[in-house]
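Novice: Here is how the chains run, residue by residue.
Number of protein chains: 2
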Amino acid sequence: MSEKPGSFAYDGLDRVLHEKARLGILTSLFSHPEGLVFGEIKSLCTLTDGNLSRHLQVLEREELVEIVKESGSGRPKTTVFITPLGRERFQEYLVELQTVLQAAKAAEKATGAQPGFSPA
Amino acid sequence: MSEKPGSFAYDGLDRVLHEKARLGILTSLFSHPEGLVFGEIKSLCTLTDGNLSRHLQVLEREELVEIVKESGSGRPKTTVFITPLGRERFQEYLVELQTVLQAAKAAEKATGAQPGFSPA
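Protein chains in written order, with numbering that gives the first Met the number 0: chain A, 0 to 119; chain B, 0 to 119.
For the record, the hints were derived by calculation from the structure and aren't laboratory data.
Since this is a predicted model, take the numbers as computed values, not measurements.
Any given hint could turn out to be false.
[What the hints assert, rightly or not] Below are the DSS-like pairs computed for lysine-lysine, each with C-alpha atoms no more than 27 Å apart in a straight line:
no. : chain 1 : residue 1 : chain 2 : residue 2
1   : B       : K104      : A       : K104
2   : B       : K108      : A       : K104
3   : B       : K108      : B       : K3
4   : A       : K41       : B       : K104
5   : A       : K19       : A       : K41
6   : B       : K19       : A       : K41
7   : A       : K19       : B       : K108
8   : A       : K104      : B       : K19
9   : A       : K19       : B       : K19
10  : B       : K104      : B       : K19
11  : B       : K19       : A       : K3
12  : B       : K41       : B       : K68
13  : A       : K19       : A       : K68
14  : A       : K3        : B       : K76
15  : B       : K3        : A       : K41
16  : A       : K41       : B       : K108
For reference, chain A alone in the conformation it holds in the complex (with noise of 0.2 Å):
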């Protein structure tokens, strides 16, 4: 074992980030800066509204994405936008990601297991 202590422990990896709905509802957003409404992430994340509005309670409480209530003349319609917080949290888990890419992809290459993915 040549490792340091830690080297395994992912500090990095943003525990309300690192859940794979809200990762999803995130990249989504990340990819909308101009906000999508609620049933556009429903149908992109396949959640139920329950799910969908728990997370987003989630997300909204760490002020990673900001919700808008319109209530015009017709049905009600809520939109959500990503924050400049959340964009920067975002891509912070992302490096984060990558690096446990890479020591796995080192850790192929050293063992010489057989390349089941390759890294672009």
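Assemble chain B onto chain A, guided by the hints.
Specialist: Structure of chain B alone, referenced to chain A:
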């Protein structure tokens, strides 16, 4: 919104592996096909005895790791190995992580975001 429904559902992000501690444990074991003793994993992943035991149980139940306990004349020694299935699931998970990174990279380009990370 030009993406298909489910584009950000990330169904391939294996719930067993997409957990910070278990990801660290599996990456360390993947890097050490000769196995690691309990204390080594604890140190590499910065986990308590209780946490490591709990996560190893989850991984063992899924047949992703094998836990060998030796009790000779000295202190009992627990060695953990990644199984062939574990290697396979881990590599599949990495492919999915790569998809997440690529989607984010594409989003950065499309939205003209400040480059906060640069995949190799």
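Novice: Now tell me, hint by hint, if it's right for this structure.
Specialist: Cross-check of the supplied hints:
Restraint check for K104 of chain B and K104 of chain A: the C-alpha separation of about 19 Å stays at or below 27 Å, so the hint holds. Proposed proximity of K108 of chain B and K104 of chain A is supported: the alpha carbons are some 25 Å apart, at most 27 Å. As the CA atoms of K108 of chain B and K3 of chain B are separated by approximately 19 Å, the hinted pair is consistent with the 27 Å bound. The suggested pairing of K41 of chain A with K104 of chain B holds, with an alpha-carbon distance near 22 Å, which does not exceed 27 Å.
Between K19 of chain A and K41 of chain A the CA atoms are separated by roughly 14 Å; this keeps the pair inside 27 Å, and the hint holds. Note on K19 of chain B and K41 of chain A: the hinted pairing holds, with a Cα-Cα distance of about 25 Å set against a maximum of 27 Å. Distance restraint check for K19 of chain A and K108 of chain B: the Cα-Cα separation of roughly 23 Å lies within the 27 Å cut-off, and the hinted pair is therefore satisfied. Between K104 of chain A and K19 of chain B, the direct Cα distance comes to roughly 18 Å. Compliance with the 27 Å bound is thereby established for this hinted pair.
Of the supplied pair hints, the one linking K19 of chain A and K19 of chain B holds, its CA atoms being roughly 12 Å apart against a limit of 27 Å. A distance of roughly 22 Å separates the Cα atoms of K104 of chain B and K19 of chain B; the hinted pair therefore holds under the 27 Å criterion. Note on K19 of chain B and K3 of chain A: the hinted pairing holds, with a Cα-Cα distance of about 18 Å set against a maximum of 27 Å. Distance restraint check for K41 of chain B and K68 of chain B: the Cα-Cα separation of roughly 16 Å lies within the 27 Å cut-off, and the hinted pair is therefore satisfied.
Between K19 of chain A and K68 of chain A the CA atoms are separated by roughly 25 Å; this keeps the pair inside 27 Å, and the hint holds. Taking the CA atoms of K3 of chain A and K76 of chain B, the gap is about 21 Å. The hint holds against a cut of 27 Å. Distance check on the hinted pair: K3 of chain B and K41 of chain A sit about 12 Å apart at the alpha-carbon level, within 27 Å; holds. Simply put, K41 of chain A and K108 of chain B have alpha-carbon atoms about 24 Å apart, close enough for the 27 Å limit, and the pair holds.
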